[in-house]
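J.: Use the sequences and the hints to build the structure in full.
Protein chains in written order, with UniProt numbering: chain U, 1 to 293; chain V, 1 to 293; chain H, 1 to 293; chain X, 1 to 293.
For the record, the hints were derived by calculation from the structure and aren't laboratory data. It cannot be assumed that every hint is accurate.
Copies of the same chain look alike in the list, so a pair counts if it fits in one copy or across any two.
Lysine to any residue pairs mimicking SDA-like chemistry, simulated, CA-CA at most 20 Å apart [claimed, not checked]:
#1 21 with 1
#2 94 with 69
#3 47 with 73
#4 88 with 250
#5 102 with 286
#6 94 with 65
#7 88 with 190
#8 292 with 269
#9 292 with 222
#10 292 with 231
Protein chains: 4
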Amino acid sequence: MQLGLVGLGRMGFNMRERLRKAGHEVVGFDRNPDVTDSESLADLVGKLAAPRTVWVMVPAGDPTRDTVTELRDLLAEGDLVIDGGNSKYTEDAKNAAFLAEKGIRYLDVGVSGGVWGLDVGYGLMVGGDRADVDRAMPIFDALRPEGPREEGFAHAGPIGAGHYSKMVHNGIEYGLMQAYAEGFELLDTVDLVTDVPAVIRAWQRGTVVRSWLLDLLVRALDSDPELDDLRGYVEDSGEGRWTVAEAINHAVPAPVISAALFARFASRQEDSPAMRAVAALRNQFGGHAVHKV
Amino acid sequence: MQLGLVGLGRMGFNMRERLRKAGHEVVGFDRNPDVTDSESLADLVGKLAAPRTVWVMVPAGDPTRDTVTELRDLLAEGDLVIDGGNSKYTEDAKNAAFLAEKGIRYLDVGVSGGVWGLDVGYGLMVGGDRADVDRAMPIFDALRPEGPREEGFAHAGPIGAGHYSKMVHNGIEYGLMQAYAEGFELLDTVDLVTDVPAVIRAWQRGTVVRSWLLDLLVRALDSDPELDDLRGYVEDSGEGRWTVAEAINHAVPAPVISAALFARFASRQEDSPAMRAVAALRNQFGGHAVHKV
Amino acid sequence: MQLGLVGLGRMGFNMRERLRKAGHEVVGFDRNPDVTDSESLADLVGKLAAPRTVWVMVPAGDPTRDTVTELRDLLAEGDLVIDGGNSKYTEDAKNAAFLAEKGIRYLDVGVSGGVWGLDVGYGLMVGGDRADVDRAMPIFDALRPEGPREEGFAHAGPIGAGHYSKMVHNGIEYGLMQAYAEGFELLDTVDLVTDVPAVIRAWQRGTVVRSWLLDLLVRALDSDPELDDLRGYVEDSGEGRWTVAEAINHAVPAPVISAALFARFASRQEDSPAMRAVAALRNQFGGHAVHKV
Amino acid sequence: MQLGLVGLGRMGFNMRERLRKAGHEVVGFDRNPDVTDSESLADLVGKLAAPRTVWVMVPAGDPTRDTVTELRDLLAEGDLVIDGGNSKYTEDAKNAAFLAEKGIRYLDVGVSGGVWGLDVGYGLMVGGDRADVDRAMPIFDALRPEGPREEGFAHAGPIGAGHYSKMVHNGIEYGLMQAYAEGFELLDTVDLVTDVPAVIRAWQRGTVVRSWLLDLLVRALDSDPELDDLRGYVEDSGEGRWTVAEAINHAVPAPVISAALFARFASRQEDSPAMRAVAALRNQFGGHAVHKV
Numbered sequence: 001m002q003l004g005l006v007g008l009g010r011m012g013f014n015m016r017e018r019l020r021k022a023g024h025e026v027v028g029f030d031r032n033p034d035v036t037d038s039e040s041l042a043d044l045v046g047k048l049a050a051p052r053t054v055w056v057m058v059p060a061g062d063p064t065r066d067t068v069t070e071l072r073d074l075l076a077e078g079d080l081v082i083d084g085g086n087s088k089y090t091e092d093a094k095n096a097a098f099l100a101e102k103g104i105r106y107l108d109v110g111v112s113g114g115v116w117g118l119d120v121g122y123g124l125m126v127g128g129d130r131a132d133v134d135r136a137m138p139i140f141d142a143l144r145p146e147g148p149r150e151e152g153f154a155h156a157g158p159i160g161a162g163h164y165s166k167m168v169h170n171g172i173e174y175g176l177m178q179a180y181a182e183g184f185e186l187l188d189t190v191d192l193v194t195d196v197p198a199v200i201r202a203w204q205r206g207t208v209v210r211s212w213l214l215d216l217l218v219r220a221l222d223s224d225p226e227l228d229d230l231r232g233y234v235e236d237s238g239e240g241r242w243t244v245a246e247a248i249n250h251a252v253p254a255p256v257i258s259a260a261l262f263a264r265f266a267s268r269q270e271d272s273p274a275m276r277a278v279a280a281l282r283n284q285f286g287g288h289a290v291h292k293v
Numbered sequence: 001m002q003l004g005l006v007g008l009g010r011m012g013f014n015m016r017e018r019l020r021k022a023g024h025e026v027v028g029f030d031r032n033p034d035v036t037d038s039e040s041l042a043d044l045v046g047k048l049a050a051p052r053t054v055w056v057m058v059p060a061g062d063p064t065r066d067t068v069t070e071l072r073d074l075l076a077e078g079d080l081v082i083d084g085g086n087s088k089y090t091e092d093a094k095n096a097a098f099l100a101e102k103g104i105r106y107l108d109v110g111v112s113g114g115v116w117g118l119d120v121g122y123g124l125m126v127g128g129d130r131a132d133v134d135r136a137m138p139i140f141d142a143l144r145p146e147g148p149r150e151e152g153f154a155h156a157g158p159i160g161a162g163h164y165s166k167m168v169h170n171g172i173e174y175g176l177m178q179a180y181a182e183g184f185e186l187l188d189t190v191d192l193v194t195d196v197p198a199v200i201r202a203w204q205r206g207t208v209v210r211s212w213l214l215d216l217l218v219r220a221l222d223s224d225p226e227l228d229d230l231r232g233y234v235e236d237s238g239e240g241r242w243t244v245a246e247a248i249n250h251a252v253p254a255p256v257i258s259a260a261l262f263a264r265f266a267s268r269q270e271d272s273p274a275m276r277a278v279a280a281l282r283n284q285f286g287g288h289a290v291h292k293v
Numbered sequence: 001m002q003l004g005l006v007g008l009g010r011m012g013f014n015m016r017e018r019l020r021k022a023g024h025e026v027v028g029f030d031r032n033p034d035v036t037d038s039e040s041l042a043d044l045v046g047k048l049a050a051p052r053t054v055w056v057m058v059p060a061g062d063p064t065r066d067t068v069t070e071l072r073d074l075l076a077e078g079d080l081v082i083d084g085g086n087s088k089y090t091e092d093a094k095n096a097a098f099l100a101e102k103g104i105r106y107l108d109v110g111v112s113g114g115v116w117g118l119d120v121g122y123g124l125m126v127g128g129d130r131a132d133v134d135r136a137m138p139i140f141d142a143l144r145p146e147g148p149r150e151e152g153f154a155h156a157g158p159i160g161a162g163h164y165s166k167m168v169h170n171g172i173e174y175g176l177m178q179a180y181a182e183g184f185e186l187l188d189t190v191d192l193v194t195d196v197p198a199v200i201r202a203w204q205r206g207t208v209v210r211s212w213l214l215d216l217l218v219r220a221l222d223s224d225p226e227l228d229d230l231r232g233y234v235e236d237s238g239e240g241r242w243t244v245a246e247a248i249n250h251a252v253p254a255p256v257i258s259a260a261l262f263a264r265f266a267s268r269q270e271d272s273p274a275m276r277a278v279a280a281l282r283n284q285f286g287g288h289a290v291h292k293v
Numbered sequence: 001m002q003l004g005l006v007g008l009g010r011m012g013f014n015m016r017e018r019l020r021k022a023g024h025e026v027v028g029f030d031r032n033p034d035v036t037d038s039e040s041l042a043d044l045v046g047k048l049a050a051p052r053t054v055w056v057m058v059p060a061g062d063p064t065r066d067t068v069t070e071l072r073d074l075l076a077e078g079d080l081v082i083d084g085g086n087s088k089y090t091e092d093a094k095n096a097a098f099l100a101e102k103g104i105r106y107l108d109v110g111v112s113g114g115v116w117g118l119d120v121g122y123g124l125m126v127g128g129d130r131a132d133v134d135r136a137m138p139i140f141d142a143l144r145p146e147g148p149r150e151e152g153f154a155h156a157g158p159i160g161a162g163h164y165s166k167m168v169h170n171g172i173e174y175g176l177m178q179a180y181a182e183g184f185e186l187l188d189t190v191d192l193v194t195d196v197p198a199v200i201r202a203w204q205r206g207t208v209v210r211s212w213l214l215d216l217l218v219r220a221l222d223s224d225p226e227l228d229d230l231r232g233y234v235e236d237s238g239e240g241r242w243t244v245a246e247a248i249n250h251a252v253p254a255p256v257i258s259a260a261l262f263a264r265f266a267s268r269q270e271d272s273p274a275m276r277a278v279a280a281l282r283n284q285f286g287g288h289a290v291h292k293v
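T.: What follows is the structure, given as structure tokens:
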């Protein structure tokens, strides 16, 4: 089918390629003239036959909001907007209501898979009405991995449920990565285990901890066996924070996901004000030496 | 090759079967007369030709120690004992030294794979001397999964390194399980996501969180979509505790693995003395109501 | 000086008494006819001479918002409203702006001390303009404990800073209580320490952990040495959640305060969905027994 | 009464002074000739009249073990050895049995108070037999703070219970300090609270979080309002580790105390191997940039 695709960055660019390989007609728009298929959002919309489907794949927050706002003016009743970016789920009800004023339909989609999605396919979690989901199913089928549809695609619930599911997915991802990382550090620290990369490589088949993330850790160790080309500095992009905030709102204990999030925060601190306070206290009561600046 | 196998429980029984399918001659011993191939350890040893290899697959602690002690009396110089159970790594140096007094060789092997190992193969982490590892390689090759050897087998280091690696593997496992579990609980708690099993099923392909544990969670949800046939009561078997204790000994931060361990402890408490203390304090300073027994 | 005081519950009632003892003229209003001094908010306002000062001490959220809204209609330019309740700090800028439309001044005050404040005095953290703080200082001086003003009173910053400081105070409180509670549980669990209440009582003088909360724990143990008259069920009232949410917003690691919060969440669960998921996983891979409902 | 005191460092030196002020006759021994009262342990023992009491106040581990060993040779039946250092509680049963072979009595004492103990007195937790405790009570009464004995002194239980109680005391201390530290960092990070030292100073009276540690934090802030003369580098001295290890052994959840311990570990890392692994994973799946060395 025909699809407008706004945003041709790391994710959108690959998605266009995967969709085209599957035989879909994709009209892309990006500010980068080297990759865009159209000169403007208006141009993109003009190239699509009604009823149109436009997939938004731009950064969450203002860029997504601005794109949806502009699309509302350009699209018509019966058209469909899909937000596939990493938007916070609370945006979706607002977007849907805003577009509904003109009779434009809306779906939110959580997309997982990163740079591997081009070849492997993307895991998809969708929120919205069944009829809209069905309508876009050819696109979803092209983007999702080979195999049974339900193993790489879910209609998670009403508007917002797609991004919510993706948010939780990412929260889990934080916990998984930190678990492997703590195990790696312990193995890396002790002298007894003399071939740490071999041990982690051997976890790829048969073990309880085998996973795609583990395969990626092996890949990283293949090129840098001590991981000492890089620094232990880790960004976070929002979904982990939102997951913990949601857990708190719903009184759900989330000790592991929050610990993983806090480890990232700490990794980015040159020096910790909290630990300065602890050092100051130890000095006060015990006369313990402190490290001066 | 020929192998003596002591312990034919959930793990040993399946391992015997997998080894025999691969063409090895296995003489098993177990106290359970329904499954044993020999009447006693002495009988088992008598049925093996020197130099013998005996794999011990009995519960960690006293049963393993007792078996090793008995084997020392029965075996001769040049024989090889392999402890494939869930022993603490500190046992291995003791066992190796004890057996070395009679010239008996020793390897420690961490075995992962659970009830699935029969069909899938077992992930193996081995500690000991290279020559002993090479000697037992036909057995390891039969037990480990299909595919490249190094993806399901590692010679981790000297005596103890196999069990150490398995210990860390299990610590990671605790963290992974808890991460999925927290995400599941959050999805299960909110109303927005209306089809939680579908979402988790859709994580199996293409997503960053795909893993064997996730596949098992899907399996569990297939038979019990709300997981409400069972209680949130979780045992722990030692390796998680040892992992955290090791992390502490080596000053390695392990917030995620320890949080997963503590969640298990808490899951088994009818009532928490700590939280009684917090309730008592709130009552003392704020007059906040407490729940009486 | 003269003060209107709205809300004569557990906190407000005692505050009125403390203020009157200090010689201030307090006109209280509460829906409870047994404790109120006036028939309505309008009646209360009518009994005060301009420029009026009205202290709001009602539950956070709607009750406080409704009271402020009503006061705006009743009060006049130059009057002063003080919110001393447990409002979220984000309410304060809204309240201040809303009242400022009519030229009414506003202060936010975090009040700590619980049921002991009547006798001991209340710790006060204030947000707002210096001139308004100075104007209400006689009230603050009467409410705060004896001793140097700066040891029980702070002008924390502009509007919102009072409630923000109180929020963090309460977050710390969660961590402190949980630290004592974990220590209590460990002592309570081991056999070696045969007189746990005596040990905790002995921490009151000279030790590093001496504190008012510890004194309260001793008080609780005095009347119930095993704390077994009550259940380990602990509510949380908002500030702990807000503190963790703020820490997340500002990328501040808060492992201890969040752990304390999650322990409260877990204490209120009959059964944990997360731990059901972990139990299900262990059953799936290892055939480990589960506890059925 | 007469007391031999071995070890005149930061703690022992002050204790001798406090004991002498109380009228006790103290014969001290230290390797440092500037502070010692005797030339050797033998000389110290020779200066005491039987039955002797010798208090050992040297670093835990080998120094304490060596001192106890030497004292066994020098002392006689009916003499009493008191270990007041930060020994692990498992040492006490060994010391007691070792000394009992010659009829020498033993007590273990956890001592809290740091450099303030000289003036304020020391909190004391004692393990051993009642008769031995009674015999040394004049010493305990001189060392403990003014006020009711039970508020600064406890007979916690049999041999080992004193050091066990002190261990838990220190574990709690870790949690308390980290709770204040996290709150401090949050206040320090946000712009809204403009006078952080004033807020913390105001918590000293009337609030729920008032404590001696808080007073010390105020002291530290008085001389360095941003705590920026020192670095967030924090040592740990054993008791925190032991507390968490004990909690694990007894299946007691200790999320707060362990989080405080791990924060110290992390504070001492130039770079975290675990976070390098997380950074590597993010780069692998998402192409996210990493910080190179």
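J.: Next, verify each hint and record whether it holds.
T.: Now the hints, each set against the structure:
Proximity of residue 21 and residue 1 under a CA criterion of 20 Å is satisfied intra-copy only: 12 Å inside one chain copy versus 51 Å between copies. In this assembly of identical chains, residue 94 and residue 69 lie within 20 Å of each other by CA distance solely inside one copy; the values are 11 Å within and 28 Å between copies. Taking the shortest alpha-carbon separations for residue 47 and residue 73, only the intra-copy value of 16 Å comes in at or below 20 Å, while the best inter-copy value is 57 Å. Proximity of residue 88 to residue 250 under the C-alpha cut-off of 20 Å is found in both arrangements, the shortest distances being 17 Å within a copy and 18 Å between copies.
Taking identical chains as interchangeable, the C-alpha atoms of residue 102 and residue 286 are never at most 20 Å apart, the minima being 69 Å within one chain and 36 Å between chains. For the homomeric pair residue 94 and residue 65, the shortest alpha-carbon distance inside one copy (10 Å) is at most 20 Å, but the shortest distance between copies (25 Å) is not. Taking the closest pair of Cα atoms, residue 88 and residue 190 come within 20 Å of each other only across two copies (15 Å); inside a single copy the shortest separation is 41 Å, beyond that limit. For the identical chains of this complex, residue 292 and residue 269 are neighbours both inside a copy (17 Å) and across copies (16 Å), given an alpha-carbon limit of 20 Å.
For a Cα distance limit of 20 Å, the shortest separation of residue 292 from residue 222 across copies, 17 Å, qualifies, whereas the shortest one inside one copy, 40 Å, does not. Taking the shortest alpha-carbon separations for residue 292 and residue 231, only the inter-copy value of 6 Å comes in at or below 20 Å, while the best intra-copy value is 24 Å.
In this structure, the one hint that does not hold is number 5.
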